[in-house]
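Counting from 1, one number per residue, gives the positions in the first sequence under my numbering.
Read the hints as simulated data drawn from the structure, not as lab findings.
Just so you know, not all the hints are guaranteed correct.
List time: in silico DSBU-like cross-link candidates among lysine-lysine, alpha-carbon distance up to 30 Å [claimed, not checked]:
(1) K637 <-> K575
(2) K475 <-> K647
(3) K637 <-> K475
(4) K575 <-> K620
(5) K408 <-> K426
(6) K620 <-> K573
(7) K716 <-> K834
(8) K694 <-> K714
(9) K522 <-> K637
(10) K637 <-> K647
Listed next, with one range per pair, are the computed distances between beta-carbon atoms [claimed, not checked]:
(11) A593 <-> G255: 54 to 60 Å
(12) H532 <-> E199: 45 to 51 Å
(13) P425 <-> G682: 27 to 33 Å
(14) A442 <-> E371: 19 to 25 Å
(15) R824 <-> V548: 21 to 27 Å
(16) K813 <-> Q758: 16 to 22 Å
(17) P221 <-> G784: 23 to 29 Å
(18) G646 <-> I570: 33 to 39 Å
(19) V548 <-> D229: 23 to 29 Å
Cβ atoms here follow ideal geometry from the backbone N, Cα and C, with glycine treated the same way.
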Amino acid sequence: MPHGNLDAYRRKRSSEATPEPMGSRTTAAGGRFVVQKHAARRVHFDLRLELEGTLKSWAVPRGPSLDPDVKRLAVATEDHPLEYADFEGSIPAGNYGAGAMIVWDSGRWVPLEDPVAGMESGKLLFELHGYKLRGVWTLFRTAGRRRSSDGSQWLLMKKPDAAARPSEESGDAEDELPPESVLSGLTVEELRDGCDRIEEVRAGIEASDAPRRRVDPRSLPLMLATASDRPFSRAGWIYELKYDGYRLVAAKEGGSVFLRYRRGGDVTALYPELARALRRLPVESIVLDGEVTVLDGGGRPSFARLQTRALLNRPVDIEQASVRRPATLFAFDLVSFEGHDLRPLPLLERKGWLARVLPPAGPLRYSDHIEERGEEFFEQAVAMGLEGTMAKDGASRYTGRRSSSWVKLRAERTGDFAIVGMSSPKGSRVGLGSLHLAVWDAAVGGLVYAGRVGTGFDDATLAELAERLSARRRKEPPCWAPSAEGPAVEAALSDAHLLGGRVADQTWVEPDDELVCEVRFKEWTPHGLLRHPVFLRLRDDKPIEDCVRRDEPRGREATLPAPPERRVEITNKSKVFWPDEGYTKGDLIDFYAAISEAMQPYLTDRPLVMTRYPDGIEGKSFFQKNAPDFAPDWLHKVRLTSPRTGKDIEYFVCQNRESLVYVANLAAIVLHVWSSRLHQLGQPDWCILDLDPKDAPFEDVIEIALAIRRLCHKIKLSSFVKTSGSSGLHVLLPLGGACTWEQSRSLGQLIAQIICRQLPEIATVTRNPERRGGKVYIDFVQNGRGRLLVAPFSVRPLPAAPVSTPLRWSEVKPGLDLRDHNIRTVPERLKKLKTDPLRGVLTEQPDLLAALRRLSELV
DNA sequence: GGGTTTC
DNA sequence: GAAACCCAACGCCGG
DNA sequence: CCGGCG
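Work the whole structure out from these sequences, hints included.
Quick look at the structure:
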């Protein structure tokens with residue numbers, strides 16, 4: 001790991017043994033675990049963790065509660081048979097008071113006492129001597145639950161089971177804590193050693209030339225660097241890593257600490273972990289200058305993580321984030337120490353003291369340097385995926401302004417991008433103004449917008465590109481908005497957003513393997529756009545699927561953190577949801593898991609709405625459009641703004657089987673989807689005619705469905721049919737995304753009215769049920785923005801657990817019974833059928849104009 | 001079903 | 001500490 | 001203008 005010290009780098013340079021791989025940790029039964037230390041050294045612990053006090057556990061109606069006695073952990077190490085550690089509050093707000101511990105279980109942090117049946121082990125995080133430790137432990141297992149007469153539940157605990165297996169290491173990179181910043185891995189002795197060196201520093205600074213003078217951290221003018229684009233080596237200069245974070249001044253005076261950004265903003269409350277570490281530093285007063293970062297699972301600074309961190313307001317969020325996304329301050333300068341102003345001292349002397357003041361682990365880190373070979377160091381830093389390096393004059397004083405004695409060198413990166421559009425030229429520019437670029441995202445299965453490049457072209461290239469692109473125009477952007485946190489899809493791809501408020505003409509083009517270009521750029525912005533892009537060349541030898549975003553510039557693919565594992569924890573599998581049949585929640589989940597492949601085309605890229613039945617089909621239920629906050633990060637969401645009310649809804653978008661299983665586990669029995677997909681929300685894929693019999697005989701539904709089919713056949717428009725699952729049929733007409741909602745609705749209305757005229761005895765478009773006179777209601781109103789269709793393969797909350805099932809037209813005949821297609825039968829049917837009779841509604845490209853012309857001739 | 005607010 | 005609460009929306013109809 | 005409907 002490159003942070004904190006440069007041992008790994010130095011070793012590599014001198015061709016010594018390669019560092020041990022980070023992230024490896026072995027665990028054995030009985031609570032033995034290994035904690036890594038930074039810089040490729042590992043320290044082995046034998047910890048036995050015991051609870052002092054009793055774990056009370058679960059209270060009515062749900063949600064854990066903690067017995068106030070449980071305040072301390074007993075930690076046994078080899079040298080120290082028993083050390084007690086106080087808990088630090090690090091749990092979500094809720095029914096369990098302040099001060100508890102959280103554990104790692106089934107891929108997420110949960111309060112320790114959360115009664116996960118059968119839980120045998122987990123990961124544990126606690127603080128000892130101001131350092132956060134974590135490890136895998138085996139503590140106790142659940143023996144069962146008991147319900148008392150007043151309805152409260154109690155969780156019975158057993159002593160640790162000697163045979164209990166330790167939990168698997170989780171590979172979930174998202175929730176994985178960065179390996180270094182929170183782990184100390186230090187023995188108590190080592191921690192004390194770190195403190196002993198303070199006396200040395202104190203005496204040294206007292207004897208130095210540093211004047212006795214207070215430095216006010218609030219008004220301290222900061223040293224700033226000048227930029228350069230070429231790394232260099234100079235005698236007397238030193239080279240540090242450049243961290244991708246915010247500049248931060250950290251100060252302690254007496255008992256109080258103070259953290260500020262470059263421009264002075266007080267952020268003491270935002271980084272409690274830094275404040276704590278600073279408070280515990282065994283010095284009377286100190287002022288540090290550095291860069292605050294939040295590391296990703298691979299130990300690299302993640303600007304995006306830091307940004308989300310910096311947006312937090314509520315104390316609970318901050319406290320939680322300080323554990324889950326802990327900040328690390330890489331301090332590169334010591335400005336003041338116990339009443340001495342160190343700014344007149346040479347940089348190397350300041351850093352020498354700094355190195356000895358800061359502990360070798362924890363959230364406050366010394367930003368080390370090397371003293372030569374700046375070019376090679378820069379290359380290495382870039383290869384490690386870091387932002388760049390800093391070059392500093394080792395003899396320079398801290399002058400508190402922008403200075404040529406500090407130089408920043410930023411990494412440049414190159415990448416291949418699909419061309420998805422262009423803007424028109426301004427002024428004397430020929431051909432085009434800029435190219436719109438996109439990268440392929442395998443998780444999404446499509447292109448994601450990456451920003452624009454407007455420089456680096458020669459006139460010939462401009463002209464050629466403009467000509468080739470003009471021939472491939474399309475109306476809608478062929479790509480998605482870049483980030484879930486960023487602007488909504490539509491807004492992100494709108495002119496206003498792209499051009500920072502200016503409106504210009506955009507042309508979107510059909511992407512192609514031959515429209516790929518290589519671009520040099522500085523970095524990715526948090527919103528997933530390119531910063532400082534320069535066009536290098538066209539390359540026609542690269543399929544767009546290979547235009548993937550590489551966050552590591554060159555040669556780091558092998559060590560990229562694994563993509564977040566999509567794990568779903570199933571709860572209450574055996575809860576009965578359909579009492580008549582005895583079908584359980586587990587059956588529901590199994591069903592959706594089994595048919596997910598067939599269902600996916602109707603879910604992919606479509607905003608999803610759920611009807612949830614947490615207590616089964618006879619319990620209370622509710623609609624839910626907004627995805628709950630607690631949904632895992634890997635679950636795709638999209639924020640859409642209602643054009644009418646301006647209100648935002650953040651919909652789920654089910655892109656894969658795990659998402660479907662997650663949603664099913666929320667007891668979402670019915671899944672409703674939009675008829676249109678994200679990249680063209682204004683153009684539906686199908687027109688829906690909902691045949692709702694109410695009191696009418698089902699035979700009439702069949703007759704009407706067949707009449708619609710005949711009518712569509714006459715106008716040369718295909719039609720498809722599925723059961724609604726409850727009592728009627730859904731007839732779907734393919735639109736191929738070629739018309740608007742209004743046109744779709746008009747088409748539906750026209751067809752419905754024609755059918756009503758044909759079959760006035762059995763069909764009606766009257767919305768009021770009482771006035772339908774026992775006729776079948778043909779509902780065409782569900783064609784509109786935000787209007788929903790019960791998704792094909794959605795289960796219904798009715799006896800027999802019927803499923804909205806795609807049918808072949810030959811099956812639409814007397815004798816058809818909707819309940820025959822249910823949670824039990826549909827998976828088998830799917831296997832037998834091999835093809836989905838409804839799929840054509842998504843794939844066919846009808847000639848709508850011709851169909852409408854024929855239809856108008858009929859009326 | 002899970003999180004938040006009120007009592 | 002436990003119970004209550006929240007979880008959509010919009011046009012259209014007749015009264 | 002309101003409540004019910006889907």
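Results for each hint:
Restraint check: the Cα-Cα separation between K637 and K575 comes to about 28 Å, which is no more than 30 Å; the hinted pair holds. Simply put, K475 and K647 have alpha-carbon atoms about 26 Å apart, close enough for the 30 Å limit, and the pair holds. The suggested pairing of K637 with K475 holds, with an alpha-carbon distance near 24 Å, which does not exceed 30 Å. For the proposed pair K575 and K620, the alpha carbon gap of about 15 Å is at most 30 Å, so the pair holds.
A threshold of 30 Å between alpha carbons decides the hint, and for K408 with K426 the separation of about 34 Å lies outside it, so the pair is violated. A hinted pair counts as satisfied when its Cα atoms are at most 30 Å apart, and K620 with K573 qualifies at roughly 19 Å. Annotation: proposed proximity of K716 to K834 holds, straight-line Cα distance about 26 Å (limit 30 Å). Between K694 and K714 the alpha-carbon distance is near 29 Å, which keeps this suggested pair within the 30 Å criterion.
Distance hint between K522 and K637 is fulfilled; the C-alpha atoms sit about 29 Å from each other, no more than 30 Å. Between K637 and K647 the alpha-carbon distance is near 16 Å, which keeps this suggested pair within the 30 Å criterion. The hinted window of 54 to 60 Å between A593 and G255 holds, with their beta carbons roughly 56 Å apart. About 48 Å separates the C-beta atoms of H532 and E199, a value consistent with the hinted range of 45 to 51 Å.
Between P425 and G682 the beta carbons are some 29 Å apart, a value that agrees with the proposed interval 27 to 33 Å. Taking the beta carbon of each, A442 and E371 are about 43 Å apart, not inside 19 to 25 Å as hinted. A C-beta distance of roughly 42 Å is found between R824 and V548, which places it outside the suggested range of 21 to 27 Å. Checked against the hint of 16 to 22 Å, the C-beta distance between K813 and Q758 comes to roughly 19 Å, which is consistent with it.
Checked against the given bound of 23 to 29 Å, the beta carbons of P221 and G784, roughly 60 Å apart, lie outside it. A hinted range of 33 to 39 Å for the beta carbons of G646 and I570 is consistent with their spacing of about 38 Å. Look at V548 against D229: about 27 Å separates their beta carbons, and that is inside 23 to 29 Å.
Violated hints, listed in ascending order, are 5, 14, 15, 17; each of the other numbered hints is respected by the structure.
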